[in-house]
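Protein chains in written order, with the working numbering: chain X, 28 to 423; chain L, 15 to 288.
The set of hints was computed from the structure by calculation and includes no laboratory data.
Partner residues are not named here, just some residues of chain L that face chain X (Cβ under 7 Å, in silico): (1) Ser69; (2) Phe120; (3) Val195.
By construction, the Cβ of each residue, glycine as well, lies at the ideal position given by its N, Cα and C atoms.
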Amino acid sequence: MIIPDKKGHFGAYGGKFVPETLMPALSELEKAYLAIRRDKEFQDELAYYFREFIGRPTPLYFARRLTEHIGGAKIYLKREDLCHTGAHKINNSLAQVLLARRMGKTRVVAETGAGQHGVATATAAAMFGLDCEVYMGTDDVVRQSLNVFRMKLLGSIVRPVDIGSKTLKDAINEALRDWTTNVGSTHYVMGTVFGPHPYPMMVRDFQSVIGREARKQIMKLAGRLPDALVACVGGGSNAMGLFYEFLRDPLVSMHGIEAGGLGIEKGKHAARFAGGSLGVLQGSKTYVLQDAEGQIELTHSVSAGLDYAAVGPEHAYYHDEGRIEYTYAMDDEAMEAFDLLSRLEGIIPALESAHAVAYCLKLAPRLGRDKNIIVNLSGRGDKDVMQVAKIKGVEL
Amino acid sequence: MSRIKNTFRKLKKKGEKALIPYIMAGDPDLATTKALILEMEKAGCDIMELGAPFSDPLADGPTIQKADLRALKNGTSLSDVLGLVADVRKESAIPLVLMTYYNLIFNYGEERFVSDAHAAGLDGLILPDLPPEEAGVLIPAAKEAGLDTIFLIAPTSTDERIRLVSRLSQGFIYYVSLTGVTGSAFGSQSSIEDAVRKIRAVSDKPVSVGFGISTPEQAAEVAGMGADGVIVGSALVKVMEEHLGSPELIPRAAGFVKALKQGLRGAGRSESAR
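Using the sequences plus the hints, can you model the full thing?
In structure tokens form, the structure reads like this:
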């Protein structure tokens, strides 16, 4: 079965739940995307920027000290943290901005939580000379003031969103409202495998470069396919980017790690598969953290990039199919993994990626020494250093 | 015949346009909402559009977003709104239309909702984030229950989509007068006139125009462009917001509705004189 279908459904999930004003724009986007998917000139140009601007391919790095410390399966890190701007987000932002330019759009808007997608989009917009406005909840603006300043340095306008939970969810609402208002001139650069069709499909495709590279690299390093893949799941773009290339290899197990926050209680986590139910939010039908009525609940995670009430519809599909296993790591487990990777490997991971590392610490001994695991190290931790210091009670 | 259809028919005979005010149920509380509906009916409201609050109203501008939050803060649920409809229905015969977001209906259960809504005396349903393509369950269920599903056409809609929405919309067709969210600045006149003409060419269902209409003069202008109904939401909610906690709230809101209806009456006459 090819998913999504023509209407953008991944089985029971996905779709296009948006105001009529945006329906023609989504059709136009889908048409333009399907055209560039087969267009050699576009793909060559994209490959050029992936290589020369982002620095792809990113290494697949054998984490020797971590592997020895845990005493189990060999752990390989897919180093998306080495991408320009510090996370996998730039793969998608750059490709979408390139597409927007081809569509004749002069302006892009984006949402951001931690600021990584905002910075990536601001970067791509600067490079291609498009106007860029980034919506960001006022709580996040305060928490991530460094990224706010980075976006401004890159020539973007940052629009604080001071309503609702004042975080990522509200930033998406506001970006969608902006797109609704300026749909003629503007492209909305959605940052993850979420939202209305064609975004989940398109963002997955743009991120699937991660898995294509990893597959070649592990074949070269280990001479065979990996036994397990591990990635954190907020909206789920880094996970889908790594997993997609391996979905048809039944012996490769896949593990998506959500944010368990402080525990699976209302408002204290962002583990949609553990604590959510089927709903429709911001264009997509999927697992959502909501009350019995369908009002969207507040979420919590130490990592702003995982702190979101819904998960990408393709993840929901593979969850039900049993193809991908979903579990969660708690705030403190992620913090421990953050410390451990920093000290053992000299790599400070993003708090998002630290959730994947945290799960890997449990999985590796279980699998045994003759097995291989690839962990997607989706971003670097520079952006989190201030917050970690604060949690540890260290004054900088 | 549906109550909505009947209302448009009667108004047309009189040479009048439908005034469709929008307020949020539970803003500031359900008792006030009920009293308001009854007062607005006296003031000239022909069809009442009632919002049910949602945490993430992405088609709405700041004024209605704040009304959502006020109504949610006092715990207004979709069931409460249906209870309000049943209560109002005992004292009023005007059509009542619910405007909310799909997730609430989806969680309630689409089939269960249309049946409960019809039993309560609701006449129509507007879900701005549910395009007809995704309404495969709702449309037949609503039809079976006798509830009108009202879909929207926007300035960006292609001819193909105008035909699709016109065919599937029941009760009336909702034309969004501008490219944007509720409460934005008034749209361009010529584009509204063109759009209404385009819809008329493919459908004989009533066309109501909303988004961005905030004064009696603008309401009259839109009515003069051939629309059958005019929807005013944010401007009315704003009048309420300015009088929250004051005994003036209901008379002021009703006064505004009265002024809007007077504007429409003037327009109806001048159009039929043309």
